[in-house]
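Chemist: Residue numbers (the UniProt record's numbering), protein chains in the order written: chain F, 1 to 267; chain E, 1 to 303.
Keep in mind that the hints were calculated from the coordinates and are not lab data. Here the structure is a predicted model, which is why all the values come from computation and not from measurement. C-beta: ideal position from N, C-alpha, C; glycine also. Hints may be right or wrong, so weigh each one.
[Said to hold, decoys possible] Where chain E lies over chain F, by a calculated footprint (3+ residues, C-beta under 8 angstroms):
| id | stretch |
| --- | --- |
| 1 | 27 to 38 |
| 2 | 104 to 118 |
[Stated by the list, open to error] So the derived label-pair ranges between C-beta atoms look like this:
| id | chain 1 | residue 1 | chain 2 | residue 2 | range |
| --- | --- | --- | --- | --- | --- |
| 3 | E | T3 | F | S38 | 39 to 45 angstroms |
| 4 | F | V152 | E | E110 | 39 to 45 angstroms |
| 5 | F | E265 | E | K127 | 22 to 28 angstroms |
| 6 | F | E265 | E | E110 | 32 to 38 angstroms |
| 7 | F | A203 | E | R66 | 45 to 51 angstroms |
| 8 | E | S55 | F | V127 | 24 to 30 angstroms |
| 9 | F | L138 | E | D146 | 47 to 53 angstroms |
| 10 | F | T244 | E | T3 | 49 to 55 angstroms |
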Amino acid sequence: MSAANPTAPPQTIQTQRPGVPFGRLVAVELRKMFDTRSGFWLVASSLIISVIAAVIVILVVPDESLSYEIFGAAFGTPLALLLPIIAALAVTSEWSQRSGLVTFSLAPNRAAVIGAKAAASIIVAVVAIVFALVIGALGNVVGAAINGIDPVWDLDATQLVYLLIGNILGLLIGFMLGVLLRNSAAAVVGYLVYSFVLPGVLAILAGLQEWFRDLQPWIDFGYAQQPLFDGSDLGGEQLAQLGTSGLIWFVIPMALGLWAVLRAEVK
Amino acid sequence: MITVEHLSKTYGAFRAVDDVSFTCKPGTVTGFLGPNGAGKSTSMRIMAGLTIPDSGTATIGGVRYRDIPNPGTQVGVLLDASAQHAGRTGREILTLSALTMGLPKSRVDEMLNLVSLSDSEAKRRVKNYSLGMRQRLGIANALMGDPKILILDEPANGLDPAGIHWMRSLLRAYANQGGTVLLSSHLLHEIEIIADEIIVIGNGKIVAQGTKAELLQGAGAFVKAADNAALAGALAQAGLTASPSDGGLSVDAEPAQIGQVAAAAGLALVELRGADSAGLEEMFLQLTATTQREGVVTTGGVA
Numbered sequence: 001m002s003a004a005n006p007t008a009p010p011q012t013i014q015t016q017r018p019g020v021p022f023g024r025l026v027a028v029e030l031r032k033m034f035d036t037r038s039g040f041w042l043v044a045s046s047l048i049i050s051v052i053a054a055v056i057v058i059l060v061v062p063d064e065s066l067s068y069e070i071f072g073a074a075f076g077t078p079l080a081l082l083l084p085i086i087a088a089l090a091v092t093s094e095w096s097q098r099s100g101l102v103t104f105s106l107a108p109n110r111a112a113v114i115g116a117k118a119a120a121s122i123i124v125a126v127v128a129i130v131f132a133l134v135i136g137a138l139g140n141v142v143g144a145a146i147n148g149i150d151p152v153w154d155l156d157a158t159q160l161v162y163l164l165i166g167n168i169l170g171l172l173i174g175f176m177l178g179v180l181l182r183n184s185a186a187a188v189v190g191y192l193v194y195s196f197v198l199p200g201v202l203a204i205l206a207g208l209q210e211w212f213r214d215l216q217p218w219i220d221f222g223y224a225q226q227p228l229f230d231g232s233d234l235g236g237e238q239l240a241q242l243g244t245s246g247l248i249w250f251v252i253p254m255a256l257g258l259w260a261v262l263r264a265e266v267k
Numbered sequence: 001m002i003t004v005e006h007l008s009k010t011y012g013a014f015r016a017v018d019d020v021s022f023t024c025k026p027g028t029v030t031g032f033l034g035p036n037g038a039g040k041s042t043s044m045r046i047m048a049g050l051t052i053p054d055s056g057t058a059t060i061g062g063v064r065y066r067d068i069p070n071p072g073t074q075v076g077v078l079l080d081a082s083a084q085h086a087g088r089t090g091r092e093i094l095t096l097s098a099l100t101m102g103l104p105k106s107r108v109d110e111m112l113n114l115v116s117l118s119d120s121e122a123k124r125r126v127k128n129y130s131l132g133m134r135q136r137l138g139i140a141n142a143l144m145g146d147p148k149i150l151i152l153d154e155p156a157n158g159l160d161p162a163g164i165h166w167m168r169s170l171l172r173a174y175a176n177q178g179g180t181v182l183l184s185s186h187l188l189h190e191i192e193i194i195a196d197e198i199i200v201i202g203n204g205k206i207v208a209q210g211t212k213a214e215l216l217q218g219a220g221a222f223v224k225a226a227d228n229a230a231l232a233g234a235l236a237q238a239g240l241t242a243s244p245s246d247g248g249l250s251v252d253a254e255p256a257q258i259g260q261v262a263a264a265a266g267l268a269l270v271e272l273r274g275a276d277s278a279g280l281e282e283m284f285l286q287l288t289a290t291t292q293r294e295g296v297v298t299t300g301g302v303a
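Go ahead and model the full structure; you've got the sequences and the hints to work with.
Modeler: This is the structure we're talking about:
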C-alpha cells in the first residue's frame, strides 16, 4: 500500500465478530464499584452501617419494644441515603474522573454500558438490603435472648417487598441524577437537595397554601413514597399518586438524562 | 485504513474542526501535527465515536467506530493518558480493559512487560504516576487487544528521550507488520522521528499533508555568503525571493539555482543546502501562524 511496506496485507475491520456481551459489562461495572478505596468503603459502609444500626438498637431501644420492625427502621434510613449515591457515582465518575474515554472506547454501545451500571447498582442494593435484613434478624434474636423475651417478628412479607422496592426506587433516583448531571459533586448535592430540601419546601408550601394541600400527594414524590417505607396503606389512590409525582420527579428527568447521556461528548 | 471525510465540529461560535478530510493507510505511521487547540483531539474523539460531529464521517476500514464489534480488539485507542480514575492501580485499569474485551488476565502481565512497567509500579495508584508512566499504561491499554489499527493522541508527551525512541521502534514494527497508526503531536520533532506521512492541522483546518519529503519540497534552500547583502541583490535580480534567516538567507528556490546565481555574480558561498527540518519547522510555524498564541518569530536580522 505504501512505500514503507509494499507487501502489507490489507487490514479490514471484521464486523462478524461477537460484540461485548451485557453480562461482561455488568461484571466490569460491578468490579469498578469496589476497585478504588473510596468506592470500596462506600459500598462497604452500606453493609457496615447495618451492623452498627443493629448494635445501637440492642443497646438503646427499651427491652419491651424490641422488635424486627425497629431493626428495619434503624438500617432503612442510612441505606436509603447511601444506595442512591453509590448509583449516581457509578455514572458520574466516567465523566468526573474521565475514565469514560476508555470505557466508551471499549464499549461504544453506551445504552448497554449505562444499563450495566444500573444492573450493577441494583445488585449492590439487593445484597446490601438482604444483608441488612439478615443482620436485623440476628440482632432481633440476640437482643431478645439478652433481654430474656421472645423475639417479635412484626415485619411481614409485603412490608419487606415495599422496603426493597422503595430502596431500589431511591437508588434509581440517584442514578437519574447521575445521568442528568454527569458530575459527581453536582449529583451528590443534587441528591441532597432532592431528598431533603425539596420535601421541606413542598411541606411548607402545603402548610401555607390551601390550594396546594390537596395537590401535594399528587406532586410531592417523597410524600407519595412514604407508604413504601412506613407500611401505611398503599391502595389505588396512593399508587396513582406515586405515578403522577413519579412522572414529574423521576420518569421525565430520567428520560431526559438518558437521552443526554447517550449523546454527551466524552472528553 | 482510517478515512475521515469533511469532518466539522463547532462549539458555540468556535469551529474546532473545519472540513477535515484525510486517510491513513495500512503499513504507515501517520503523524497528526498541529499546535495546541488546533482540533487534533476533537478529530480523534470523533473517530472513536466519543464526540458526535456536526457533519462529515469518520470510518475505520469502512465501518463507523461504534459499529465495530468489541472494538478494543480491532482498534487501539489512547486519547488521554491522564483520563483514568486516579484511585485505581495501573494493573487494575488494564484488568478492567482485559475483562471488557474478554481477554485472559495473563494478557495484563504481557502488556505490563511490553511497556516496561514493573510489578511494584503496576500496584501503585495512577494518581502517583508520572506523565511518562501514564503514557506507558495508556499504550499498554491500547495495544492489549492486539489491534491492527492504532489511534494515539499525544502518546509521546511526557516520555523521556529513551521512551520516545522505544515508542518509535514499537510503532515502526507495528506499521511494518501491516498495521495502521495515527498519532498526534504538537511537536514537529516527535512527528518527524516517528511518522511516514504528516498531516498538518491548524485552526481546525488541514493546511498541509504528504510525506516528509513532499512537505519539504518547495520549502526552499538556505544559503550563507561572505557578503549576504550582495547575494540577496544578485538573487533578487535573478527573480528569486530571499529573506534573511539565521545569519544567511532563506531562498525560495532549489540549491542548484542559487549556486548558479552565486557563481555568475562571482560571490563566495559559506554554506548552501536544501531546507532541512529547520525548514519544515519554519513551514509548520507559518502554516499554523494564524492559530499561534504567540507572534511568529522565524527570522533573525541580517548580520
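Chemist: Against the structure, test the hints numbered earlier, and report the numbers of the ones violated in rising order.
Modeler: Numbers 4, 8, in rising order.
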